[in-house]
Amino acid sequence: MAIHSYTLTTLWHDRQRFLPGVLAVAFSAVLINLQTGLLLGLFSTTSIPIDHSEADIWMSAPGVLSVDLGRPISQANLSRMASYAAAESPETLLLDYSYWLKPDGSKELCIVIGSQLLGRPLGAVRELTLEMRGRLSEPGAIVVDEAELGRLGITAVGDRAKIGDQRVRIVGLVHGLKSLTGPYVFCSLETARLLLPGSFDQATYLLARCRKPEIAFNVVESLRGHSDMSAFTKEEFSRRTRIHWLTQTNAGISTAFTAALALLVGAVVTSQSLYAAVAASMREYAVLRALGIPRGRIIAMVLALSFWVGIVGIVLALPTTFGLSHVAEVMGTRMLLPHWLLGSVMLVTMAMAVLSGLAALRSLRLTEPASLLR
Amino acid sequence: MKRSKPILQGVHLARAFGEGDKKTLALRDVSIRLEPGQVGLLMGPSGSGKSTLLAVLSGLLKPDNGSVVALGEDLWAMSERERERFRLLHCGFTFQGYNLFPALTARQQLELVLTLGEGVTAGRARRRAEEILAVLDLTDKGHLRPNQLSGGEKQRVAVGRALMKSPTFCFADEPTSALDWTNGQQVVKLLETAAHQDGAVVLIVSHDARLIPFADRVFHLEDGRMTTQKQIRKSDSSDLSLSARKLQRTRNDEPELAELPI
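Just so you know, the protein sequences line up as chains A and B, in that order. If you use numbering that gives the first Met the number 0, the first sequence corresponds to residues 0 to 373, in order. If you use numbering that gives the first Met the number 0, the second sequence corresponds to residues 0 to 261, in order.
Please keep in mind that the hints were generated in silico from the structure rather than gathered at the bench. Each residue gets a CB set at the ideal place from its N, CA and C atoms; glycine is no exception. A few of these clues could be false.
To be verified - Straight-line Cα separation of at most 25 Å, DMTMM-like style, residue types lysine to aspartate or glutamate; simulated pairs:
| # | chain 1 | residue 1 | chain 2 | residue 2 |
| --- | --- | --- | --- | --- |
| 1 | A | K211 | A | D13 |
| 2 | B | K22 | A | E367 |
| 3 | A | K106 | A | D164 |
| 4 | B | K164 | B | D222 |
| 5 | A | K161 | A | E126 |
| 6 | B | K229 | B | D207 |
| 7 | B | K21 | A | E367 |
| 8 | B | K164 | A | E367 |
| 9 | B | K61 | A | D13 |
| 10 | B | K140 | A | E53 |
| 11 | B | K188 | B | D222 |
| 12 | A | K177 | A | D50 |
| 13 | B | K188 | B | E129 |
| 14 | A | K101 | A | E145 |
| 15 | A | K106 | A | E189 |
Claimed, not checked - Footprint (simulated), chain A over chain B, 3 or more residues, beta carbon under 8 Å:
| # | region |
| --- | --- |
| 16 | 78-87 |
| 17 | 186-193 |
Just need the whole structure built from these sequences, with the hints factored in.
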């Protein structure tokens with residue numbers, strides 16, 4: 000305890016000396032949090048059709064890598080799904096890319112999602128209100144995200160456009176469902192059949208609900224015995240979709256690279272800052288060594304310094320991260336900061352600070368007590 | 000005169016620095032002995048080997064030749080860890096310059112020696128620091144940092160740090176060199192008290208001849224050799240109390256010195 004008390008006193012007294020180290024830790028933590036948070040936010044939009052629906056089980060053509068890459072699967076497979084008592088209310092979902100024809104004649108890629116609308120539909124995103132679903136039952140009626148209006152070249156509910164060669168009409172707007180690729184276009188199954196190619200006995204996904212979501216895993220395990228299809232739980236398919244995007248785009252690698260760079264810069268600045276602080280008190284440490292204080296305890300003093308530099312850096316980093324994340328949200332950029340991310344970044348930056356302390360120990364090698372007598 | 004058993008003894012000590020043409024012999028066959036409760040004063044010109052002798056006797060610098068026996072143990076036959084432990088238990092040091100941690104208060108500088116070194120509780124370390132601050136006449140300045148203390152006060156804190164654990168040996172390198180005589184006297188009196196009241200062996204390296212009256216033995220080094228060892232005649236003062244002896248010294252401007260065989 001005494002060591003920590005002296006350390007905090009030293010940290011406060013020499014705050015100008017330690018400031019670069021503290022800021023370097025904070026900078027590293029904020030940068031990694033924001034970079035990863037942005038990446039998670041960005042790629043979370045790729046799995047919106049899964050995460051915002053009520054389906055617990057997703058059945059697809061074999062080997063589908065991402066929800067937007069589904070291929071036709073026979074609706075006859077619904078009977079397979081129905082053979083499991085735990086898989087309730089099986090239904091179909093159509094999902095595929097198409098071209099949106101803007102009023103000015105240019106084209107935009109979009110993702111058409113056609114689902115059942117009555118009762119408690121599994122495939123319809125929860126943002127579609129009962130009233131919207133009622134309006135969507137009209138042929139050619141669609142709903143899009145408000146943030147996509149500009150990209151789609153339209154301005155408000157009631158506007159018309161074309162998808163492929165079919166006319167569509169905006170009957171409602173949702174929020175928070177902006178897509179990374181083409182804008183999501185939500186509609187009924189019937190409208191989707193008009194907008195997307197494919198035969199009437201086929202769907203892109205077959206969905207089911209489980210009364211207890213934890214049973215979904217067992218059902219999916221059984222369904223995997225069939226080679227002509229794939230089955231996933233909601234969580235599996237969502238993760239699979241995000242990982243596919245993460246690896247396909249190399250964004251994960253570039254983020255990891257940036258994080259490593261941030262850690263390296265942080266480590267160099269922190270260790271230099273600690274090194275200078277230890278070197279400045281070299282003669283004092285040498286006196287302690289002469290007095291017989293074991294080297295281990297002096298090392299503990301230096302490591303306690305690096306520990307507290309890390310703690311103060313992280314304490315500064317957390318509100319900064321949340322503040323900047325709020326600014327990003329206000330500006331319409333989705334950022335996810337799950338607890339595991341914040342916890343991991345804290346651990347990594349603390350490890351960086353303590354390792355920097357270890358690097359600063361090299362200045363202690365110079366603390367030869369006999370040198371005080373020359 | 001019956002000699003008491005030495006508590007610190009260096010025999011045939013030799014130490015060189017550098018190699019080849021640049022080799023310098025800092026100590027050439029030096030022997031020295033000090034008894035409990037004695038203040039030894041090591042004098043000599045710059046480069047005479049005083050500080051090297053202090054470093055060798057205190058277990059900080061290994062001699063090329065000779066041995067150092069302290070409390071009956073050969074310091075340089077010990078392992079590094081054992082020697083470190085010996086210093087922790089028995090040795091106090093003050094070096095040139097104050098070497099105080101800039102961030103810590105005078106009280107914390109003192110406490111640190113016990114809390115870091117011997118695992119003493121914070122409460123006990125604090126009580127001991129208060130005692131030492133009282134001895135240093137710095138009770139009301141325990142909360143001040145080095146940059147708020149005068150040079151004399153800083154040196155007193157440095158001496159206090161050396162005395163915190165009531166050491167058997169106290170080694171002081173030029174403890175008064177940066178001080179005026181009033182402050183210098185205060186500092187050297189603290190060391191003298193440690194020897195005469197607490198029975199410590201105090202060895203002071205200094206250029207300052209004004210310290211001679213405070214010493215029980217004076218050693219002169221020149222070019223790495225011990226040229227003279229003198230003992231202040233204490234035959235007529237050995238039974239006197241400390242205050243009486245001090246009084247006697249103030250009456251005599253020059254102390255009486257007796258030359259001893261080298």
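The hints, checked one at a time:
Restraint check for K211/A and D13/A: the C-alpha separation of about 58 Å exceeds 25 Å, so the hint is violated. With a C-alpha separation of about 21 Å, the suggested pair K22/B and E367/A falls inside the 25 Å cut-off, and the hint holds. With a C-alpha separation of about 12 Å, the suggested pairing of K106/A with D164/A holds against the 25 Å cut-off. Distance check on the hinted pair: K164/B and D222/B sit about 35 Å apart at the alpha-carbon level, beyond 25 Å; violated.
Restraint check: the Cα-Cα separation between K161/A and E126/A comes to about 23 Å, which is no more than 25 Å; the hinted pair holds. Annotation: proposed proximity of K229/B to D207/B holds, straight-line Cα distance about 16 Å (limit 25 Å). Between K21/B and E367/A, the direct Cα distance comes to roughly 22 Å. Compliance with the 25 Å bound is thereby established for this hinted pair. With a CA separation close to 22 Å, the supplied pair K164/B and E367/A stays within the 25 Å bound.
With a C-alpha separation of about 36 Å, the suggested pair K61/B and D13/A falls outside the 25 Å cut-off, and the hint is violated. Restraint check: the Cα-Cα separation between K140/B and E53/A comes to about 72 Å, which exceeds 25 Å; the hinted pair is violated. Simply put, K188/B and D222/B have alpha-carbon atoms about 29 Å apart, too far for the 25 Å limit, and the pair is violated. With a C-alpha separation of about 13 Å, the suggested pair K177/A and D50/A falls inside the 25 Å cut-off, and the hint holds.
Restraint check for K188/B and E129/B: the C-alpha separation of about 19 Å stays at or below 25 Å, so the hint holds. Annotation: proposed proximity of K101/A to E145/A holds, straight-line Cα distance about 16 Å (limit 25 Å). For the given pair, K106/A sits about 23 Å from E189/A by alpha-carbon distance, which is consistent with the 25 Å threshold. Closer than 8 Å: that is the beta-carbon criterion, and the region 78-87 of chain B has 5 residues meeting it against chain A, so the requirement of 3 holds.
Counting residues of the region 186-193 of chain B whose C-beta sits closer than 8 Å to any C-beta of chain A gives 0, which falls short of three, so the coverage hint is violated.
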